[in-house]
Amino acid sequence: MTLEGSSAILVGCLVYLASLISIGWWSRRARRGNSLSDFYLAGRSLGSAVLLFTLFATQYSGNSLSGFPGQTYREGLAYYMSVTFMVAIVGGYVLFAPRLYRESRRHAFVTPTDYLAHRFGSPALSYAASVLLTVTLANFLLAQLMAMGHAFAGLTAGQIPYWAGVVGGAVVILVYELMGGMRAVAWTDALQGGVLFLGLLLAAILLIDVVGSPAEVVATLSRVAPAKSASPSLETCALWLSNFLLLGLGAPLYPQAIQRIYAARRLVDLKRALATMAFLPHVAITTVVFIGLAGIVLYPNLAGPESDQITFKVLTHLVDQKPLAYWPVLIVTIGVLAAIMSTADSCLLSLSSVLTKDFFARWRRLDSREAEAQTRLGSISSVVVMVVLVAIALRPLTTLWNLLVIKFEILIQLSPAFVLGTLHGRDDERGFRAKDILRGLVVGLTLALGLYFAGYRRWHGFHAGTLGVAANYLTVVLSKLAARPLETAPET
Amino acid sequence: MLLLAVAAAGTVPIAFVGGSAGSWLGLPVWLWSSAGFTLAFSCLIAWGVLRYWRDDDDA
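For the record, the sequence lines run as chains A and B.
Numbering (our numbering) for the first sequence: 1 to 492.
Numbering (our numbering) for the second sequence: 1001 to 1059.
If you are wondering where the hints come from, they were derived from the structure by calculation, not from laboratory data.
None of the values given here were measured: they were computed from a predicted structure.
Warning: the hint list may mix true and false statements.
Cβ pair distances, simulated, as ranges [what the hints assert, rightly or not]:
1. A/Gly455 x B/Arg1051: 30 to 38 angstroms
2. B/Leu1050 x A/Val15: 19 to 27 angstroms
3. A/Gln321 x B/Arg1051: 40 to 48 angstroms
4. A/Leu234 x B/Arg1051: 33 to 41 angstroms
From the derived model, a few chain A residues whose C-beta atoms are all more than 12 angstroms from chain B [to be verified]:
5. Tyr16
6. Trp26
7. Ser45
8. Met81
9. Leu132
10. Leu178
11. Glu306
12. Asp320
13. Phe359
14. Val387
15. Leu423
Glycine included, every Cβ here is placed at the ideal spot set by N, Cα and C.
Sequences and hints are given; from them, build the entire structure.
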């Protein structure tokens, strides 16, 4: 029984897409009005279970399932550190989410920039943040659309070609998102997160049955590929520390992540979701790493792009060895698609909210009484964004691809605005000022982009973005300290 | 809290500064310290979120 291109895969994909549309229709019936809060934040009504799965599905993109095993295949056992990176993301939330959640309830924020505008009152900072968020989201969504096209084409062995995968997937996402907004996205995320988690659990169990326990795999690994079972070099560890900081400080800043903080029904729901999230990488990412290690044992001599196909190769091997594994593996395979689509829908919704609320509504000075017009505008912006990005995905541009690689290093420069901004209230004189944050942002961005485009993507293992954000934090603190004597001089 | 903090702080250097430490400690120690650190880190986050995160409005 073969997996790739089988009619079961094709039918499975179509059933999955149809179920997404059904959930969209169902969520439309649950809508309680036409406000921006209802459309973009599900009326701030997400309970702990939905919140957990939507955070999980949004955080684990297609790259986590297909990229991490490939990376494990190339780097070996030491890539187990990727579990730590994913836990670091939850740690990053804790740095600012408690105060941000409280403020979002008091002031009804919809986008991340709403908080910055309220806290710092600086149009320059608000527009700068909106531009950075737009660039990041557009690039992230573009990557997911391209990954979706490749996933459909790969899984169905070309029965659904790349272009049809991109266009068809985009249309399905648009349909259910326009019907139910965040409610549809969160509910489909719950399905997608569930499929993903179940698939990974099944894959782990089956893999142990076929290739042996993790201890046996590690023992075999040290025989067949000793270099991939050695302890890491100092520079590799510096790279990990950089990844730890980059993911921990950057990933919680994704607008779709921040909007899920706003969308929690109660504080206790958010607390339960985040506390559980802290443990999910131990199952999900450990399994993903195990797939990569099993790949080394089963196919020790793959190189280049072939190593990125390791997940599918290992799953195919599973089916060859154990025909009973066919259906569980089908779930895993659809889980890969689910991971891509769940990230794409969240990006689209957030991008639409940023364009509508932070740019258009602010430019036209629309207020909350014109909520219906703003929500309609949000729907139109979703369609326009999707059409433009699908057109680009069908003919990718190299310059955009360059931006995609460094999107995280751009996004992370907003970290001081949220982490240091939430330390004090708006009227607290001890708090950081807009000009401190802006100075840090300029220094951080200049350093990160300057190093990147000068060809120094990394320095002794540290990413340009990590060095940029370190300079950013330092500048913010120094700017605040330097202002203090001057400001207090008249009083003394 | 103290125990978790010590566990996390104690294993960080090994988890993140493998290199020379890893060469004489060997892979098993490095791997277990990384796993230990990550688990301690998860416990610390979950415990901190559930124990200390309070809403002023509820107080």
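Structure-based check of all given hints:
no.	hint	verdict
1	A/Gly455 x B/Arg1051: 30 to 38 angstroms	47 angstroms, violated
2	B/Leu1050 x A/Val15: 19 to 27 angstroms	38 angstroms, violated
3	A/Gln321 x B/Arg1051: 40 to 48 angstroms	47 angstroms, holds
4	A/Leu234 x B/Arg1051: 33 to 41 angstroms	36 angstroms, holds
5	Tyr16	31 angstroms, holds
6	Trp26	31 angstroms, holds
7	Ser45	17 angstroms, holds
8	Met81	6 angstroms, violated
9	Leu132	27 angstroms, holds
10	Leu178	34 angstroms, holds
11	Glu306	26 angstroms, holds
12	Asp320	30 angstroms, holds
13	Phe359	32 angstroms, holds
14	Val387	40 angstroms, holds
15	Leu423	15 angstroms, holds
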